[in-house]
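K.L.:
Residues per chain are reported as follows:
Number of protein chains: 2
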Amino acid sequence: MSETPFRDCLGGPGTPVPQPFLNNGTGHYDGGDTHNYNFITGNVPCYDFNDPVALNLIKEQVPVILKGADLVSSAMKWDLDYLSTHIGGGRFAVFIRNAEADRHALVQPQSSSNPQSQSVQPEPLHIFKYFDEKKLVALQDRSTFQSTMVRVEMTFQEFLKRFHGDRSQERVYLQQPLNNTVGPQIASDFIQFNWSWAAEHKREFNWGPLTSNLLLIGQKGNITPCHFDEQQNLFCPLRGRKRILLFNPENFPYLYPYPVHHPNDRQSQVNLDNPDYGRFPKFAMARGVQATVGPGEILYIPIHWWHHVINLDDTIAINFWHKGGGSAPVEYPLQARQKIAMVRNIEKMLLEALQDQNELKELLHWIVDGRY
Amino acid sequence: MSETPFRDCLGGPGTPVPQPFLNNGTGHYDGGDTHNYNFITGNVPCYDFNDPVALNLIKEQVPVILKGADLVSSAMKWDLDYLSTHIGGGRFAVFIRNAEADRHALVQPQSSSNPQSQSVQPEPLHIFKYFDEKKLVALQDRSTFQSTMVRVEMTFQEFLKRFHGDRSQERVYLQQPLNNTVGPQIASDFIQFNWSWAAEHKREFNWGPLTSNLLLIGQKGNITPCHFDEQQNLFCPLRGRKRILLFNPENFPYLYPYPVHHPNDRQSQVNLDNPDYGRFPKFAMARGVQATVGPGEILYIPIHWWHHVINLDDTIAINFWHKGGGSAPVEYPLQARQKIAMVRNIEKMLLEALQDQNELKELLHWIVDGRY
Ligand SMILES: [Zn+2]
Ligand SMILES: [Zn+2]
Numbered sequence: 001m002s003e004t005p006f007r008d009c010l011g012g013p014g015t016p017v018p019q020p021f022l023n024n025g026t027g028h029y030d031g032g033d034t035h036n037y038n039f040i041t042g043n044v045p046c047y048d049f050n051d052p053v054a055l056n057l058i059k060e061q062v063p064v065i066l067k068g069a070d071l072v073s074s075a076m077k078w079d080l081d082y083l084s085t086h087i088g089g090g091r092f093a094v095f096i097r098n099a100e101a102d103r104h105a106l107v108q109p110q111s112s113s114n115p116q117s118q119s120v121q122p123e124p125l126h127i128f129k130y131f132d133e134k135k136l137v138a139l140q141d142r143s144t145f146q147s148t149m150v151r152v153e154m155t156f157q158e159f160l161k162r163f164h165g166d167r168s169q170e171r172v173y174l175q176q177p178l179n180n181t182v183g184p185q186i187a188s189d190f191i192q193f194n195w196s197w198a199a200e201h202k203r204e205f206n207w208g209p210l211t212s213n214l215l216l217i218g219q220k221g222n223i224t225p226c227h228f229d230e231q232q233n234l235f236c237p238l239r240g241r242k243r244i245l246l247f248n249p250e251n252f253p254y255l256y257p258y259p260v261h262h263p264n265d266r267q268s269q270v271n272l273d274n275p276d277y278g279r280f281p282k283f284a285m286a287r288g289v290q291a292t293v294g295p296g297e298i299l300y301i302p303i304h305w306w307h308h309v310i311n312l313d314d315t316i317a318i319n320f321w322h323k324g325g326g327s328a329p330v331e332y333p334l335q336a337r338q339k340i341a342m343v344r345n346i347e348k349m350l351l352e353a354l355q356d357q358n359e360l361k362e363l364l365h366w367i368v369d370g371r372y
Numbered sequence: 001m002s003e004t005p006f007r008d009c010l011g012g013p014g015t016p017v018p019q020p021f022l023n024n025g026t027g028h029y030d031g032g033d034t035h036n037y038n039f040i041t042g043n044v045p046c047y048d049f050n051d052p053v054a055l056n057l058i059k060e061q062v063p064v065i066l067k068g069a070d071l072v073s074s075a076m077k078w079d080l081d082y083l084s085t086h087i088g089g090g091r092f093a094v095f096i097r098n099a100e101a102d103r104h105a106l107v108q109p110q111s112s113s114n115p116q117s118q119s120v121q122p123e124p125l126h127i128f129k130y131f132d133e134k135k136l137v138a139l140q141d142r143s144t145f146q147s148t149m150v151r152v153e154m155t156f157q158e159f160l161k162r163f164h165g166d167r168s169q170e171r172v173y174l175q176q177p178l179n180n181t182v183g184p185q186i187a188s189d190f191i192q193f194n195w196s197w198a199a200e201h202k203r204e205f206n207w208g209p210l211t212s213n214l215l216l217i218g219q220k221g222n223i224t225p226c227h228f229d230e231q232q233n234l235f236c237p238l239r240g241r242k243r244i245l246l247f248n249p250e251n252f253p254y255l256y257p258y259p260v261h262h263p264n265d266r267q268s269q270v271n272l273d274n275p276d277y278g279r280f281p282k283f284a285m286a287r288g289v290q291a292t293v294g295p296g297e298i299l300y301i302p303i304h305w306w307h308h309v310i311n312l313d314d315t316i317a318i319n320f321w322h323k324g325g326g327s328a329p330v331e332y333p334l335q336a337r338q339k340i341a342m343v344r345n346i347e348k349m350l351l352e353a354l355q356d357q358n359e360l361k362e363l364l365h366w367i368v369d370g371r372y
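Order-wise, the sequence lines are chains A and B.
Positions 1 to 372 (the UniProt record's numbering) are the ones given, in order, by the first sequence.
Positions 1 to 372 (the UniProt record's numbering) are the ones given, in order, by the second sequence.
Since the hints were made in silico from the structure, they are not lab data.
Among the clues, some could well be false.
Since copy identity is lost for identical chains, a pair holds within one copy or between any two.
Unchecked claim - Simulated crosslink set (DSSO-like; lysine-lysine; CA at most 27 Å straight-line):
(1) Lys220 <-> Lys77
(2) Lys361 <-> Lys348
(3) Lys220 <-> Lys134
(4) Lys282 <-> Lys361
(5) Lys361 <-> Lys134
(6) Lys134 <-> Lys202
(7) Lys282 <-> Lys59
(8) Lys202 <-> Lys59
Please take these sequences and the hints and turn them into a complete structure.
P.N.:
Structure, rendered in structure tokens:
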């Protein structure tokens with residue numbers, strides 16, 4: 001039992017506060033390390049790697065930081081040089097934000113009755129808001145989507161060139177699952193991960209199979225804005241620190257996810273740094289916690305928990321994504337994660353039946369307006 | 001092919017306009033026969049009983065009046081005396097509205113966040129707004145329901161006494177499916193209905209089985225307010241005239257039906273004689289047609305069509321309710337009736353999954369608010 005779970009953790013008291021490192025002209029953004037969000041009401045607790053209390057929290061699907069972790073020790077030596085030498089000639093998925101592209105994209109959006117179409121300016125250059133390319137192809141009302149981010153596959157050497165370029169003009173974020181194109185040294189490091197710990201605890205946590213180990217390499221200041229994943233995530237920083245804001249699944253209605261068919265599915269429509277309370281009044285009820293994590297620590301991000309990830313430094317990290325596992329026995333009232341799954345299934349099912357995104361919107365208003 | 005389908009029909013041009021016969025103090029209600037509703041834009045067409053045009057309209061699920069109908073000729077002699085003599089000693093379902101009960105019910109409703117709770121005064125005495133007793137038992141938020149109408153089973157003689165009572169203090173409406181308690185004379189009349197026409201056309205219309213023949217006996221001025229049924233209805237006046245306002249299923253969102261779990265399921269929340277446009281703004285888009293029908297005519301009321309029924313006289317009528325029949329081949333965009341079925345199923349399914357009416361409301365807002 002840890003009496004002082006925050007001791008020695010990056011996010012704990014006594015941690016030196018780094019200086020602001022980025023100001024993109026909005027006048028209040030300090031790079032995300034010291035900015036005080038009024039919706040953040042606490043810190044994610046931090047425990048030793050094998051503290052039973054921590055492991056029990058994970059089983060309960062509550063975020064926790066594990067310190068002194070021996071899960072990816074063999075990768076603690078990974079830096080850009082080492083990776084450049086050993087990662088091999090495969091191609092890597094890199095997201096690119098480009099100032100020139102933003103200037104070209106600043107066209108007037110078409111008028112639309114869709115809630116999503118009201119603020120479709122490109123985000124600041126350091127925001128990497130994920131979108132699903134298949135859903136973009138299927139999107140009927142294109143006025144509801146505006147992004148200049150592109151996903152490009154490139155060699156690691158090409159990525160490095162861009163990574164070290166002029167960050168006021170272009171920003172990059174590598175996000176690529178490790179695969180069999182890596183060189184023998186990286187493969188050896190990978191094999192030496194603590195797979196027995198992972199296998200044992202996956203069972204204990206009642207998770208499904210491991211789906212991937214995503215390698216993430218991002219620049220200081222890059223932000224992955226607020227979203228949730230449908231997988232359990234053990235997030236392992238290897239280089240640099242990240243500040244992560246987390247909201248439990250009960251915050252679903254306060255964070256206004258895009259419709260399931262929208263390319264930005266699973267992302268919040270709310271800009272956490274400048275919330276539009278007119279469009280998103282219930283965001284005032286959102287309450288989250290935060291974690292600042294660095295090398296040697298692991299952050300558990302539970303399935304369906306919202307997370308907003310700020311790179312406090314240039315960062316290298318790797319994660320372990322697992323499927324959610326068997327469904328819990330049904331107890332009433334239902335848990336938020338069960339309701340989120342229902343909401344998503346309803347949206348998918350109705351769209352499948354109606355075959356038209358505008359009709360989906362219309363039908364949902366048939367159900368709710370003046371009735372519920 | 002009828003060139004002048006309105007000729008000789010009650011609702012057609014040239015029909016003498018009866019005098020107003022009821023004013024309940026609201027200052028504008030004229031009994032419903034001459035009141036000009038601005039949302040009524042036309043009349044239901046009227047054809048000869050076996051006009052192929054009419055029969056085709058029925059097949060297309062469009063309301064139509066059939067005149068010179070030979071479907072219930074053997075019942076055209078039914079009046080209160082004849083029924084009193086021959087209908088037998090069975091018990092009949094009678095809805096009762098009572099002024100004394102209304103005075104007792106005028107308590108302050110509890111505060112509630114439910115849309116339905118905002119106007120729960122008892123309706124005027126002549127309004128017979130149906131409710132489902134099982135759903136009333138299951139209703140969680142009782143502040144959303146207020147009715148003084150009771151359903152009492154009684155002999156026909158007991159009904160007649162009330163029928164001829166003081167209508168400013170009590171109003172009654174008999175609505176009872178014909179069953180095997182009727183005396184031999186009524187049974188004989190019933191057997192002489194034109195069952196071969198009914199059977200042949202049920203097949204032609206692609207309807208399901210006959211479910212019941214409802215006998216309706218109501219007082220002049222009694223109103224069955226706007227609702228839809230989930231059955232095909234051939235409505236046959238035997239005595240007295242009715243004025244019926246009809247809205248096609250596309251009007252579903254404009255007429256704001258109560259939630260499916262509410263006792264007033266399938267009823268409009270909108271008071272057609274005094275619409276609350278603040279709560280029900282889309283009612284301004286409602287568009288309907290009207291029919292005035294009397295003995296010897298049949299009004300076809302298609303499944304899912306809204307109808308608001310005003311007794312212009314003391315009335316006796318009988319209907320033929322049929323199940324809807326096989327589902328039409330799926331074509332896009334879906335028809336309103338298919339969407340209504342979806343809406344109802346979604347509400348039922350979600351309530352079944354959540355087991356809580358307030359959670360249903362909450363979840364629907366999770367889906368829609370700020371998103372669709
Ligand atoms: Zn994520
Ligand atoms: Zn009806």
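K.L.:
For each hint, tell me whether it holds in the structure or not.
P.N.:
Tested hints:
1. Lys220 <-> Lys77: within (19 Å within a copy, 91 Å between copies)
2. Lys361 <-> Lys348: both (12 Å within a copy, 19 Å between copies)
3. Lys220 <-> Lys134: neither (29 Å within a copy, 62 Å between copies)
4. Lys282 <-> Lys361: Close inside one copy (20 Å) and across copies (16 Å); limit 27 Å.
5. Lys361 <-> Lys134: within (20 Å within a copy, 32 Å between copies)
6. Lys134 <-> Lys202: neither (31 Å within a copy, 47 Å between copies)
7. Lys282 <-> Lys59: Neither: 30 Å inside a chain and 49 Å across chains, both beyond 27 Å.
8. Lys202 <-> Lys59: Close inside one copy (9 Å), not across copies (60 Å); limit 27 Å.
Going through the hint list in order, the structure does not satisfy hints 3, 6 and 7.
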